[in-house]
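J.: These are the residues of each chain, in order.
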Amino acid sequence: SAVISQKPSRDICQRGTSLTIQCQVDSQVTMMFWYRQQPGQSLTLIATANQGSEATYESGFVIDKFPISRPNLTFSTLTVSNMSPEDSSIYLCSVASWLGSGNTIYFGEGSWLTVV
Amino acid sequence: QKEVEQDPGPLSVPEGAIVSLNCTYSNSAFQYFMWYRQYSRKGPELLMYTYSSGNKEDGRFTAQVDKSSKYISLFIRDSQPSDSATYLCAMSRTGNQFYFGTGTSLTVIP
Chain B
1 SAVISQKPSR DICQRGTSLT IQCQVDSQVT MMFWYRQQPG QSLTLIATAN
51 QGSEATYESG FVIDKFPISR PNLTFSTLTV SNMSPEDSSI YLCSVASWLG
101 SGNTIYFGEG SWLTVV
Chain X
1 QKEVEQDPGP LSVPEGAIVS LNCTYSNSAF QYFMWYRQYS RKGPELLMYT
51 YSSGNKEDGR FTAQVDKSSK YISLFIRDSQ PSDSATYLCA MSRTGNQFYF
101 GTGTSLTVIP
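The listed protein sequences correspond, in order, to chains B and X.
Reading the first sequence from the start, the letters are residues 1 to 116 in my numbering.
Reading the second sequence from the start, the letters are residues 1 to 110 in my numbering.
The following block holds chain X by itself, in its conformation from the complex (with noise of 0.2 Å):
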């Protein structure tokens, strides 16, 4: 079983609609939480991060972290051509060594 599980997508939707992104995990001492935002050929930037369970906000970005469910969420508000990218999700248990998920590509339709 992987370390970290995220859906490919693609996943495609009409601007203004909100976006939900999702990664699963196994190890349940995780407890550093990431999402990152890749364009084509470029470096991943980070978008969100988050320390234990909860809800974190951005603008329009939400991250969640269910960590009873080991489950974690990244929700995209009013969504924009721009936001069109992969999404990778990324998670730490001491901060020294990171597990990736395979991304989710995104596409908003103008």
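Next up, chain B with everything else stripped away, as it sits in the complex (with noise of 0.2 Å):
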């Protein structure tokens, strides 16, 4: 299984400001993505790291709010942009990875936001 370390675990941000997360892989992987989670609900995709192009986002998301960058196989970084209190959620990189038979799906820690 991949080792994906995530920083920053959590923070506390004031709305309007911007915050980077990091995510790293000790490994090469082909498929990133990431995912939000919010208080006491599951996992919504927000979209697909691409390496060397840009990242494939799901409905409701937008490169000017969640700007991604995928340098390479073992990188990735997104943004939350000009936060606002509704944006407070886990923020979770993850990579697929074969194990067996087929593809499954690993996590990082998460990064925690609370914008205030």
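Keep in mind the hints are simulated off the structure, nothing from the lab.
This structure is a prediction, so every number in the text was calculated from the model and none was measured.
C-beta: ideal position from N, C-alpha, C; glycine also.
Errors might be hidden in some of the hints.
To be verified - Straight-line Cα separation of at most 20 Å, EDC-like style, residue types lysine to aspartate or glutamate; simulated pairs:
#  : chain 1 : residue 1 : chain 2 : residue 2
1  : X       : Lys42     : B       : Asp11
2  : B       : Lys7      : B       : Glu109
3  : X       : Lys42     : X       : Asp83
4  : B       : Lys65     : B       : Glu54
5  : X       : Lys42     : B       : Glu109
6  : X       : Lys67     : X       : Glu5
7  : X       : Lys56     : X       : Asp78
8  : B       : Lys65     : B       : Asp87
9  : X       : Lys2      : X       : Asp66
10 : X       : Lys67     : X       : Glu3
11 : B       : Lys7      : X       : Glu45
12 : X       : Lys56     : X       : Asp83
13 : B       : Lys7      : B       : Asp26
14 : X       : Lys42     : B       : Asp87
15 : X       : Lys2      : B       : Glu58
Stated by the list, open to error - Between beta-carbon pairs, the in silico distance windows are:
#  : chain 1 : residue 1 : chain 2 : residue 2 : range
16 : B       : Pro85     : X       : Arg60     : 37 to 45 Å
17 : B       : Thr17     : X       : Lys67     : 42 to 50 Å
18 : B       : Pro85     : X       : Pro8      : 19 to 27 Å
19 : B       : Lys65     : X       : Gly16     : 44 to 52 Å
Taking the hints as your guide, dock the two standalone chains into a single complex.
T.: Encoded structure:
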């Protein structure tokens, strides 16, 4: 399984500011994803981070709000821009990895953001 | 209709009990099934992974998949207070796109 390191693990942010979350994987992976998990909710896919090209965003998420970089196969960043209290959430970096008969998905420890 | 349905609970059991967690799904093409455990304010941790139908056992955990009923289960034997967490089911058709349940909150009381 992949070991995924995220930082910061938690932060308290001022309304209107932006924060960049970093994700480092201990091996090269093709598929890397960013999820959001709002309090009491399940996981919502924000985007797939593509190495060397623009990220693929899910419905309801846009690049201006959540710019993503993926400069290589082991690293990605997610920026949450112009934050509002509604952005308070856990942001999760994840990777798909081959496990026996197919891919499964592994998660980092998460970055818990509180916007005040 | 949601792709994956999971009872959010909360579920509270005494230590040592057998816990049964369940999910139903609508897409008969799903063939990869996963269970994750998530402690408060942490990322989900993969517990069990099953391909297609059948049972899989790992220590105190057993995952069951019934594709004919579109129903998956996770059983926890001899439950411990350290099992207190939220359990998420997930599934995939191709291994490229994953669908998650909303999670079931479990508390094991000493």
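J.: With reference to the structure, classify each hint as holding or not holding.
T.: Do the hints match the structure? See the list:
no.	hint	result
1	X/Lys42 with B/Asp11	holds (14 Å)
2	B/Lys7 with B/Glu109	holds (9 Å)
3	X/Lys42 with X/Asp83	holds (14 Å)
4	B/Lys65 with B/Glu54	holds (14 Å)
5	X/Lys42 with B/Glu109	holds (5 Å)
6	X/Lys67 with X/Glu5	holds (15 Å)
7	X/Lys56 with X/Asp78	holds (17 Å)
8	B/Lys65 with B/Asp87	holds (10 Å)
9	X/Lys2 with X/Asp66	holds (18 Å)
10	X/Lys67 with X/Glu3	holds (14 Å)
11	B/Lys7 with X/Glu45	holds (17 Å)
12	X/Lys56 with X/Asp83	holds (19 Å)
13	B/Lys7 with B/Asp26	holds (14 Å)
14	X/Lys42 with B/Asp87	holds (17 Å)
15	X/Lys2 with B/Glu58	holds (17 Å)
16	B/Pro85 with X/Arg60: 37 to 45 Å	holds (40 Å)
17	B/Thr17 with X/Lys67: 42 to 50 Å	holds (48 Å)
18	B/Pro85 with X/Pro8: 19 to 27 Å	holds (24 Å)
19	B/Lys65 with X/Gly16: 44 to 52 Å	holds (48 Å)
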